[in-house]
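Letter by letter, the chains look like this.
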Amino acid sequence: MSALSLPLPRPTRRAAFGQVVLNEARVTWRRPQGLIGGLALPALLLAIFSLIPAFRTPDADLGGLSRLSVYVPILIVLGLALIAFYSLPVPLVSYRELGILRRLSTTPVPPSWLLAAQGIVNLCLAATMTLVIVVAGTVLGASAPKSAAGFALAVLLSIAGLFPIGLVIAAVAKTTTSAGVVGRVVFFPLMFLAGLWWPRELMTGALHTLSGISPLGAAVEAIQDSVQGQFPPAMPLLVLVAYAVVFGFLAQRWFRWE
Amino acid sequence: MRAQMMMSTREPDQVAGRPAIEIAHLRKTYGTLAAVDDVSFSVADGEIFGILGPNGAGKTTTVECAIGLRSPDAGTIRLMGLDPHADRDEVHQIVGVQLQAGALPPKLRVGEILRMYRSFYRDPADVGELTEALGLAAKRNDYYRSLSGGQRQRLSVALALIGQPKIAVLDEMTTGLDPQARRDAWELIENIRDRGVTIVLVTHFMEEAERLCDRVALIDNGHLVALDTPASLAARARGGKTVRFLPSAPFDDGLLTELPEVTRVEHQGQHVIVTGTGELVNAVLLSLAAAGVTARDVELDSSNLDDAFVKLTGKHSTKEGQMS
Chain A
439 MSALSLPLPR
449 PTRRAAFGQV
459 VLNEARVTWR
469 RPQGLIGGLA
479 LPALLLAIFS
489 LIPAFRTPDA
499 DLGGLSRLSV
509 YVPILIVLGL
519 ALIAFYSLPV
529 PLVSYRELGI
539 LRRLSTTPVP
549 PSWLLAAQGI
559 VNLCLAATMT
569 LVIVVAGTVL
579 GASAPKSAAG
589 FALAVLLSIA
599 GLFPIGLVIA
609 AVAKTTTSAG
619 VVGRVVFFPL
629 MFLAGLWWPR
639 ELMTGALHTL
649 SGISPLGAAV
659 EAIQDSVQGQ
669 FPPAMPLLVL
679 VAYAVVFGFL
689 AQRWFRWE
Chain B
4 MRAQMMMSTR
14 EPDQVAGRPA
24 IEIAHLRKTY
34 GTLAAVDDVS
44 FSVADGEIFG
54 ILGPNGAGKT
64 TTVECAIGLR
74 SPDAGTIRLM
84 GLDPHADRDE
94 VHQIVGVQLQ
104 AGALPPKLRV
114 GEILRMYRSF
124 YRDPADVGEL
134 TEALGLAAKR
144 NDYYRSLSGG
154 QRQRLSVALA
164 LIGQPKIAVL
174 DEMTTGLDPQ
184 ARRDAWELIE
194 NIRDRGVTIV
204 LVTHFMEEAE
214 RLCDRVALID
224 NGHLVALDTP
234 ASLAARARGG
244 KTVRFLPSAP
254 FDDGLLTELP
264 EVTRVEHQGQ
274 HVIVTGTGEL
284 VNAVLLSLAA
294 AGVTARDVEL
304 DSSNLDDAFV
314 KLTGKHSTKE
324 GQMS
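Residue numbers (the numbering used here), protein chains in the order written: chain A, 439 to 696; chain B, 4 to 327.
Hints in this document: simulated from the structure, not taken from any laboratory.
Keep in mind that a hint or two might mislead.
Quick look at which bits of chain A chain B covers, simulated, 3 or more residues with Cβ under 8 angstroms [to be verified]:
id: 1; region: 459–471
id: 2; region: 540–547
Computed, partial: chain A to chain B, Cβ under 8 angstroms [unchecked claim]:
id: 3; residue: Ala453
id: 4; residue: Ala454
id: 5; residue: Leu536
id: 6; residue: Gly537
The C-beta atom is built at its ideal place from N, Cα and C for all residues, glycine as well.
Please put together the full structure from these sequences, using the hints given.
Okay, structure coming up:
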């Protein structure tokens with residue numbers, strides 16, 4: 439019987455996984471809430487901000503940067519947060535709700551492939567959004583990241599810290615509706631701490647500390663530092679790693695396939 | 004290469020007439036409640052096997068254990084000689100499952116869904132042929148959300164068949180279908196069987212089981228209460244058929260009780276009620292005629308699976324299946 443343990447030859451398995459990813463990409467394209475939140479919204483805000491003359495002048499309060507330059511990392515994190523908290527968990531919860539994960543567990547393909555495919559599609563979405571915001575931001579007059587390696591590392595660790603939070607949302611939410619509600623409840627306060635309405639540079643005391651240990655705040659800090667020309671300091675990166683480890687563990691503990 | 008080797012290892016099993024499914028002493032408890040308790044049966048290759056029972060009787064749990072979705076607490080399960088857990092990859096290749104209430108992503112097209120599921124299997128069916136056979140060919144470019152209930156059900160069956168399984172498990176596949184769609188589904192099931200697929204049909208519609216199944220297992224409160232052909236089960240329910248008639252003249256009961264087909268003769272006012280088996284009506288009418296008695300007002304009442312269901316479970320079956 440042990441000879442039977444590999445029923446699909448490897449190339450066929452790869453082709454099958456390709457089919458799963460392709461269909462997840464189609465679903466993401468055709469139900470574009472994820473694209474709107476994770477790509478269109480940050481791009482639109484960037485365009486609006488670039489039209490405000492006051493946003494383009496250097497500001498002493500912001501360390502000599504223009505508001506536009508300060509907002510580029512915040513908009514990237516806004517996009518990452520919407521991808522992690524909505525675009526990633528909502529389809530997974532709906533697949534569980536609709537019995538799609540269950541149906542898949544009766545086929546030679548395990549339901550974890552759908553999770554992996556959603557991860558890949560959302561990773562591509564996150565990469566596209568980051569590239570669009572950085573390039574368009576630079577073209578519109580924001581400072582380009584001075585430490586490219588630091589920027590890439592900061593964005594990757596942000597994704598690594600935020601996606602598991604989305605998976606925990608997918609694990610605890612029973613219905614698609616409740617996943618949306620949990621996503622919102624998590625999103626707004628965290629986005630406040632990230633400085634969407636009030637830049638982190640202007641936060642003081644406990645609020646600044648709280649922002650620094652919040653996932654989106656740490657992400658903004660890491661990305662902002664890489665834009666300003668330094669390799670990001672250890673603190674925000676370690677905070678992001680901690681979120682990745684803790685929420686990765688919880689997601690793996692709590693996620694149910696049916 | 005590997006695929007061919009595996010095919011040849013399975014060959015002798017089938018030559019020897021090994022059952023498609025063997026379940027022995029299956030037990031599954033949820034907390035303190037035994038959902039299935041000591042259920043054993045086997046399904047022959049090429050059979051349409053019905054699993055019947057009231058809602059919550061343990062039908063679905065039995066099937067879920069059989070296909071490896073749940074681990075039984077006790078008992079053994081073999082599908083074409085394979086263990087659903089130890090050999091799960093191979094079992095998933097040869098068993099196609101259509102689960103109760105399984106939806107699909109609303110914004111995927113029928114063809115896209117079918118092509119994806121097709122890629123999971125070693126030796127899949129042709130999407131064109133399958134959609135043709137299931138009446139979905141015209142719907143291949145339509146989104147899942149635009150399909151009618153019957154079309155969704157047929158797509159679900161198509162997904163169960165796309166891997167060219169040796170065993171197809173269909174759970175409540177006609178629930179919620181209109182009478183015409185249900186009759187189409189029945190025809191479809193017979194066609195699938197004609198292609199050599201063993202079919203396990205979970206249902207609570209008596210008419211469906213009576214029409215399609217070679218044998219049925221009746222499950223109630225987690226126990227197997229009967230296992231037989233639909234006709235034998237029905238006969239067992241009321242000791243067979245009953246003929247009721249008005250004789251043209253009085254006659255001696257012995258005339259009928261001596262017939263091998265007759266088990267009982269009763270009188271109800273002017274009417275006579277004869278209970279028996281086999282060619283009961285013929286036998287009764289012939290021997291009455293021989294004695295110069297004619298029977299008028301003849302009514303034949305044969306008990307059906309529905310009666311068997313009520314008798315064996317003490318519950319009423321769903322009447323919805325009898326709309327058609």
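Consistency of the hints with the structure:
no. : hint    : result
1   : 459–471 : holds (count 6)
2   : 540–547 : holds (count 7)
3   : Ala453  : holds, 6 angstroms
4   : Ala454  : holds, 4 angstroms
5   : Leu536  : holds, 4 angstroms
6   : Gly537  : holds, 4 angstroms
The earlier numbered hints are all upheld by this structure, with none contradicted.
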